[in-house]
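Trainee: Spelled out from the first residue to the last, the chains are:
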Amino acid sequence: MVETILEVKDLSVRFDTEEGVVGAVDRVGFTLMRGETLGLVGESGCGKSVTNLALLGLVPSPPGKIVGGEALYRGENLLEMSAGKLSRIRGNRIAMIFQDPMTSLNPFMTIADQMTEVTMLHLRHTYSEAIKHAITMLGNVGIASPESRIHGYPHQFSGGMRQRVMIAMALSCKPEILIADEPTTALDVTIQAQILELMKQLQESEGTAIIMITHDMGVVANICHRVHVMYAGRIVEQATCEELFARPRHPYTLGLLDSVPRVQKSAAGQLLAIDGQPPDLVHLPVGCAFEPRCRFSEERCLKEQPMLREMTPSGRAACFLDSLDGSKALSKETMDD
Amino acid sequence: MTEPSPTTPLLETNNLMVYFSSRKKWGEPQRFIRAVDGVSLSLREGETLGLVGESGCGKSTLARAILGLAPVTAGSVHYRGQRIDQFSARQMRPLRQEIQMIFQDPFASLNPRMSVGQIVTEPMSIFQLYSRRERRLEAMRLLDLVGLNPRYMNRYPHEFSGGQRQRIGIARALAVSPKIILCDEPVSALDVSIQAQVINLLQDLQQKLGLSYLFIAHDLAVVRHIADRVGVMYLGRLVESTDTERLYNNPQHPYTRALLSSSPVPDPVAERQRTGIALPGEIPSPETEFPGCRFFDRCLIREASCQTHDPPLEGTEHRVACPLAGKEIAEH
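Protein sequences appear in the order of chains S and C.
Heads up: the first sequence runs through residues 1 to 337, numbered per the working numbering.
Heads up: the second sequence runs through residues 338 to 669, numbered per the working numbering.
The following block holds chain S by itself, in its conformation from the complex (with noise of 0.2 Å):
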C-alpha cells in the first residue's frame, strides 16, 4: 500500500475561449499509491475531469494546452509522452470509465467487437483467445449468460448493465490505474450499490489503484480512502476520508458536507446552503477563490492566495484559517433555530 505510481506536480491546463482564459486547473499535484481508491471530490467546472483526461493526453488542443506540470507514472512523464507510446499505455496499464455509458459505447459495434478490440492491440491477443478473455470478464462483472449477451449491442443492455460492460473493458488488460469519472452518477441507487461494491471486490482482487471522480459524498465515504477536494481549478484540501468527514479544514469542504441533506436525520429547518455561486474561472480573484461566498472570510483573503499547508500528519489545506472548529458549533445552533 506504499508504492507510489502515479505522482502528478503542479499540472496545470488552461483554455483559450472567446471570453478569454480559462485556468481550467492551476497547480494540482497528488500522488497515488498502488492499491487505493483517491476521491476527487468538487462541482461541476472546478476541473477535476479535466486533470484526469490531462493524464491520458485527452485534453482537446486547441482550446486546450497543457501549461506545466509533470505526470509521474513508473518514473515516466506521461505530459511529455509521444502520441504512440502513450497510446500504448492508455487503455491497457491505465484505463478509464466514463460517467455516461450510453455515449462511451460505440452504438454500431457489438460488445464483442468492442471488447476484443482492446485486447487485441494492447495484449496481442487473437480474436479467439480475446473473445474468451472478454467473455470471462463480463462474467467476473455480473453480467448473466455472457457467452450470448456478448454479441448482443449497446442498445440491448440497460444503464447498469452498460455501465458493467464498460468496468470489464477498462480492466481487461488489468490495469494498474483506474480512472473512474462519475461513473455512477446517470444509474438508480440500488444499480450504484451494485456498480460500488464490484469496484471494491475487483480492487481488492487485482490491486488496482482507482482515482474516483465524484461531486456525491455518500460515493466518497463509500468507497475512498483518500480524498482531494478541488475549487475552481485547485486543490484546497486533501485528507483522509475519515479525517475530512470528521474535521474538514476548508470552509468550501465544510460548507459541501453541511449543503447535503441527510437520509438518515430527519428535517431540521433550513440546508446550510453555501451562498453565490462558484467563480467565473476567466475573471478569478486575486485572493482565495472561494472568498466571496466564504463565511470565515477575513481581510487577508482578499489579497493573498492562501496555498495548500499542513494542518495535520495526514491532511493539508489552503486556508489560512487553522481550525474551523469554533464556527462549526456557531453553524449548529443557526441549524436549529
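Certain hints may be false.
If you want a taste of the chain C side facing chain S, the calculated C-beta under 7 Å gives, among others [as the list claims (entries may be wrong)]:
#	residue
1	GLN428
2	LEU432
3	GLU522
4	SER525
5	GLU624
Derived CB-CB ranges, DEER-like [stated by the list, open to error]:
#	chain 1	residue 1	chain 2	residue 2	range
6	S	PRO292	C	PRO449	44 to 52 Å
7	C	HIS495	S	TYR153	34 to 42 Å
8	C	PRO617	S	MET109	26 to 34 Å
9	S	VAL2	C	PHE369	31 to 39 Å
10	C	VAL606	S	PRO292	47 to 55 Å
Simulated crosslink set (BS3-like; lysine-lysine; CA at most 30 Å straight-line) [to be verified]:
#	chain 1	residue 1	chain 2	residue 2
11	S	LYS132	S	LYS174
12	S	LYS9	S	LYS65
13	C	LYS545	S	LYS265
14	S	LYS85	S	LYS174
15	S	LYS85	S	LYS65
16	C	LYS664	S	LYS265
Just so you know, these hints were derived from the structure itself, not from any lab.
Keep in mind it's a predicted model, so treat the numbers as computed, not measured.
Quick reminder that beta carbons are idealized off the backbone N, C-alpha and C, glycines included.
Add chain C to chain S, keeping to what the hints say.
Mentor: Frame of chain S; chain C shown alone:
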C-alpha cells in the same frame, strides 16, 4: 367551482392508470407499457408530497397525467373534488393556472430565444393577468422573490448558471399564482451547494405563498428533507406511502428498505460498518406482465405465494403493498 369541504384533498388520483401501447410485432398480441398502473394518492393544501422511485417507475408520467399531458387510460384525477381527467384541452386551460410544473433540466426547459422578462411574463399574458406595464413589474417582483436580480430581465438563459436557470423556471411557474407546483426532479441536475439553495428557496416560497408541492425525486435524502409525506413507487405502482418520519424510521416494504439501505451516507464510519441490503437484478421492463407481485424477482423476503398473488396497497396511516412487510431480511 364548488367550494370544497375542508377534508377534501386539493388534488387526488384514484386508481390512476397510464398505459402506452408499444410497437406491435407481427404475429404477436398488442403489448402495453404500464407506466402508471393503479396509483391512488392525495395532496393536501400546503403540504409537500414526496414521490420517490428509480428511473422508469412512472413518477414523472404520473405528474404529466395529472396535468393532462399524458393520456389517462383508467382511473380519475380530482382537483378540489372536481373530476378533471376527462377535461378537454379548453377546459383544462384555466386549471393550468392553478397547477404549474417545474422541470428537471433547467437547460432544456427555457426557450433560449426568449429573454428572462419574456419567459416570466408569458404565462401572465396567456392568462390575461395584469396590464402590460404591470406584468413587467410583477416579473421583476418575482425575480426578486426567487433571489435573482430584477435587472436581469433583458438577459437570455445562456447567460445564467444551472441554479439560476432553475430559479427562472420557478419564477415562471409562480407567475400565474398557482396553488400547486408539480416539481419533477427540480434539483437533481444541480451541484450540491446550489441544490441546497434551491431546496431552501422552495421551502421559503411554500411558507410565504401557501403552495402545495408534489415533489418527485430519486434522491431519498432530499425528499426526507422537504416532504411531509412520501410515496414510494416501483414499476408503475405505489408500494408504500406514509408520513416522512414514519417511512424513514420504520420502512416496511422490502423495496423501500433496500432503497434506503443502498443510499450511500456521507459518513465513512457508518459506510464501513453498514450491512447494506444489496438488491439483486434490475427493474424489469414495464411491458412485462405480472400475475403476482412485480417486485418478486428482486425481493429478498419473497414466498412462493407472492408469485401469483398481487398484493394491494393496504393500511390507513401507513399504506404498504406487501403481506410480508417488515419480515426480517436474511443476511447474505
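Trainee: Does each hint fit the structure? Answer for all of them.
Mentor: Here is what the structure says about each hint:
1. A cut of 7 Å between beta carbons decides the hint on GLN428/C: the least distance to chain S is about 37 Å, and the hint is violated.
2. Checking LEU432/C against chain S: minimum C-beta separation of about 31 Å lies over 7 Å; hint violated.
3. Using the Cβ-Cβ criterion of 7 Å, the hint placing GLU522/C at the interface with chain S is not satisfied: the shortest such distance is roughly 13 Å.
4. The closest approach between the C-beta of SER525/C and any C-beta of chain S is roughly 10 Å, which is over the 7 Å cut-off, so the hint fails.
5. Hint status for GLU624/C: violated, given a least beta-carbon distance of 14 Å to chain S, over 7 Å.
6. Distance hint check for PRO292/S and PRO449/C: the Cβ-Cβ separation is about 28 Å, which falls outside the suggested range of 44 to 52 Å.
7. At about 35 Å, the beta-carbon gap between HIS495/C and TYR153/S stays in the expected band of 34 to 42 Å.
8. At about 29 Å, the CB distance of PRO617/C to MET109/S agrees with the hint of 26 to 34 Å.
9. A C-beta distance of roughly 59 Å is found between VAL2/S and PHE369/C, which places it outside the suggested range of 31 to 39 Å.
10. Evaluation of the 47 to 55 Å hint for VAL606/C and PRO292/S yields a failure: the beta carbon distance comes to about 33 Å.
11. The straight-line distance between the Cα atoms of LYS132/S and LYS174/S is roughly 15 Å, inside the 30 Å bound, and the hint therefore holds.
12. Between LYS9/S and LYS65/S the alpha-carbon distance is near 16 Å, which keeps this suggested pair within the 30 Å criterion.
13. Between LYS545/C and LYS265/S, the direct Cα distance comes to roughly 25 Å. Compliance with the 30 Å bound is thereby established for this hinted pair.
14. Proximity of LYS85/S to LYS174/S is assessed by CA-CA distance (about 18 Å); at most 30 Å being required, the pair is judged to hold.
15. Among the hinted pairs, LYS85/S with LYS65/S is consistent with the structure: their alpha-carbon atoms are about 20 Å apart, no more than 30 Å.
16. The straight-line distance between the Cα atoms of LYS664/C and LYS265/S is roughly 24 Å, inside the 30 Å bound, and the hint therefore holds.
Violation of the numbered hints given earlier is confined to hints 1, 2, 3, 4, 5, 6, 9, 10; the remaining hints are satisfied by the structure.
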